[in-house]
Amino acid sequence: MAAGLFRGPAAPFAKQSNEANAMKHRTFFWFILPTLSAMVLFIALPIVSVFIQSLFVQHEQVLVVSESCGPFGCSETTAIDAGATAKLREEQPLGRFNGFGTYTNRSHLAFAELSDAWRMTESWGAFWDTLMDLPFYKALIFTLTYTFVVTPLVLVLGLAIAVGINKLPTLIKGPSIFVSLLPFLVTPLVGSLILAWMVDGDGIIGATLQIIFDEPSLSLKASATLTWIMLMVYGVWHTLPFSFITFYAGLQTVPKDTLEAAQIDGASKWQSMRHVIVPHLMPLVSFVTLMLLMDNFRVFEPIISFSAQGHAQSLSFYIFNDLRESGNPLYASAGATSMLTILGVMILLGPVLVRTWRDFNSKGH
Amino acid sequence: MATKAQSRVTPFRVFTYSMVALWLIIAAFPFFWTLWGSFKVQGDFFSKADWTNAIYGVYTTRETGAPFTGNGYFGAWVTEAFWKNFFNTGIVVFFTVTISLTFGTLGGYALASSGFRYAFWILMAALVFRAMPHITLVSGYLLPFFEWNIWGIKATTIIVLVAINQPFTLWMLHSFFLNIPKDMDESAMVDGCTRFQAFRHVIIPVMWPGVITTGLFSFLLAYNDFAVTSMLLSGENETIIPAIASFLGTTQVEGNIMFAVAAVVSATAPLFVLILFFQRQIVSGLTAGAVKG
Numbered sequence: 005m006a007a008g009l010f011r012g013p014a015a016p017f018a019k020q021s022n023e024a025n026a027m028k029h030r031t032f033f034w035f036i037l038p039t040l041s042a043m044v045l046f047i048a049l050p051i052v053s054v055f056i057q058s059l060f061v062q063h064e065q066v067l068v069v070s071e072s073c074g075p076f077g078c079s080e081t082t083a084i085d086a087g088a089t090a091k092l093r094e095e096q097p098l099g100r101f102n103g104f105g106t107y108t109n110r111s112h113l114a115f116a117e118l119s120d121a122w123r124m125t126e127s128w129g130a131f132w133d134t135l136m137d138l139p140f141y142k143a144l145i146f147t148l149t150y151t152f153v154v155t156p157l158v159l160v161l162g163l164a165i166a167v168g169i170n171k172l173p174t175l176i177k178g179p180s181i182f183v184s185l186l187p188f189l190v191t192p193l194v195g196s197l198i199l200a201w202m203v204d205g206d207g208i209i210g211a212t213l214q215i216i217f218d219e220p221s222l223s224l225k226a227s228a229t230l231t232w233i234m235l236m237v238y239g240v241w242h243t244l245p246f247s248f249i250t251f252y253a254g255l256q257t258v259p260k261d262t263l264e265a266a267q268i269d270g271a272s273k274w275q276s277m278r279h280v281i282v283p284h285l286m287p288l289v290s291f292v293t294l295m296l297l298m299d300n301f302r303v304f305e306p307i308i309s310f311s312a313q314g315h316a317q318s319l320s321f322y323i324f325n326d327l328r329e330s331g332n333p334l335y336a337s338a339g340a341t342s343m344l345t346i347l348g349v350m351i352l353l354g355p356v357l358v359r360t361w362r363d364f365n366s367k368g369h
Numbered sequence: 286m287a288t289k290a291q292s293r294v295t296p297f298r299v300f301t302y303s304m305v306a307l308w309l310i311i312a313a314f315p316f317f318w319t320l321w322g323s324f325k326v327q328g329d330f331f332s333k334a335d336w337t338n339a340i341y342g343v344y345t346t347r348e349t350g351a352p353f354t355g356n357g358y359f360g361a362w363v364t365e366a367f368w369k370n371f372f373n374t375g376i377v378v379f380f381t382v383t384i385s386l387t388f389g390t391l392g393g394y395a396l397a398s399s400g401f402r403y404a405f406w407i408l409m410a411a412l413v414f415r416a417m418p419h420i421t422l423v424s425g426y427l428l429p430f431f432e433w434n435i436w437g438i439k440a441t442t443i444i445v446l447v448a449i450n451q452p453f454t455l456w457m458l459h460s461f462f463l464n465i466p467k468d469m470d471e472s473a474m475v476d477g478c479t480r481f482q483a484f485r486h487v488i489i490p491v492m493w494p495g496v497i498t499t500g501l502f503s504f505l506l507a508y509n510d511f512a513v514t515s516m517l518l519s520g521e522n523e524t525i526i527p528a529i530a531s532f533l534g535t536t537q538v539e540g541n542i543m544f545a546v547a548a549v550v551s552a553t554a555p556l557f558v559l560i561l562f563f564q565r566q567i568v569s570g571l572t573a574g575a576v577k578g
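Taken in order, these protein sequences are the chains called Z and S. Quick note: the first sequence uses our numbering, first residue 5, plus one each step. Quick note: the second sequence uses our numbering, first residue 286, plus one each step.
Be careful, since some hints might not be right.
[Said to hold, decoys possible] Example chain S residues on the side facing chain Z (calculated, C-beta under 8 Å, incomplete):
#: 1; residue: Phe297
#: 2; residue: Val413
#: 3; residue: Gly425
#: 4; residue: Leu571
No wet-lab data here; the hints were simulated from the structure. Since the model is a prediction, treat every value here as computed from it, not as a measurement. Yeah, the Cβ is synthetic: ideal placement off N, Cα and C, and Gly gets one too.
Please model the entire structure based on the sequences and the hints provided.
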């Protein structure tokens, strides 16, 4: 939804830079100040804050050792000094410095566990099982699988439906688009909840599946594979309208002459699709792909709605879970996962950023 | 232009039509089913024995004497005081949209009128910020907000949502302002207006289509948000989406799942109305960036 992205900001800049009328630095500063300070204060600084937070861990409990002597000699007892612990944690809410310890511990990158597993396990399967026991890798693998399964499916199905709706009589087009917008614009938590109730063991889809497979105990939530599939089906349902509507708008601009020429030359429907329509839509494909990658990578709400956390956790859900840890939020752990997630986003976005930067530089700056 | 070749019934055509029909059913049916079911009792909406119970309302008739019941809605809105959450959502969404658009139009106009290199970098930074999962930022807010004692109140959530909204708003309005001819404000400045006066008297009167489209998406972001509102609002300031999530925990235990179903339908209704009235603007906004490319 980043409007104007693939026109690229570079063109108007290059054109304008010689004009005397470009906005002056001072004026620019005052116009941009509100939005820039909002972004710096609540997006850039929080990232710094997350990083700092990830370097500290909560203070350990303060222990007091007291010696009590009785008729049979002295014994030492160790007790938790609750008052002192609370006071210390109150005074230094960040905790004590831990460096990159949180990043490498078992709940995150788990270097020690990984190298152990690498040495000890005999087969790939066993190594994979160990990997899936480590919470961070489990979340990362689900997030990546979700992103890279849902994104291509949505691209292909979206194009197919756009072609289909484009052929409908004008009278039905409007209502069809209205209906199609619903799954995309509905609140993710609400949309996934609606589906979750339907696939529930007592819901219409869940109960029907039990009858079809003649197995009254069948539950989509019981198996990890079925849970993953269910979440991805939701993902396709939710994001398909975005790709379909973008492609539908693109189809309105396909040059009619080229299509007719192709038909006269004897091209089949499939061939004109393959050689005329798809190449025309290519810039849209990269736009839609970028948006889908960004949005699918942050998959979060459906896991709550489907209560799927037993079998599937995403990176976002893992952070949320750490912060929700009742009474004792794990700020360090959430911070470390957040930093690693941000790193993941940067890697995902890398190619686009590099390309835009090259375009910008080649425009003669 | 319906030539013979185009109106012929081909297998390809039948296939595309059935694809579209299938999609429309998949897209609409869950909403219709939940709306219908929200007027039933739990025994019908979650009817293991026979799904047609949900259609005829067998248990609903047995329990309440009529095939339709408003019990779910009464439970959600009155017993669980869902109206308070709706009220909170109204306030949060209204201020988020207004402030976002104010900041965004000023910034977007500046970015579209400045030819300097830093404007490009601001847009690139905004693109990166747009990609941040919101929950990663939330984990950075909590400690400072507790420390400054501003956690839980609506104003904090509003300003956070405004900030999260800015990258998208900036891109959208920047590309919209690029389409307004430069001559308009520049001739006003030649006539002696300052930049701000030119903005005020020349640009503002023509910017409404772009602002309305952008505003729709700001509305959706604020209304649909769960990550920020669920972590930053205290119980009495809770908006509808986190309220529905916490309903799930409490009502499921008490057997009042129909309260949550009614709340879900109530939360979808405003979006339904929004699409009904602004379908054209939403579609043009979705495709604004892509199609011009």
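| task | Could you work out which earlier hints the structure fails to respect and list their numbers in ascending sequence? | result | none
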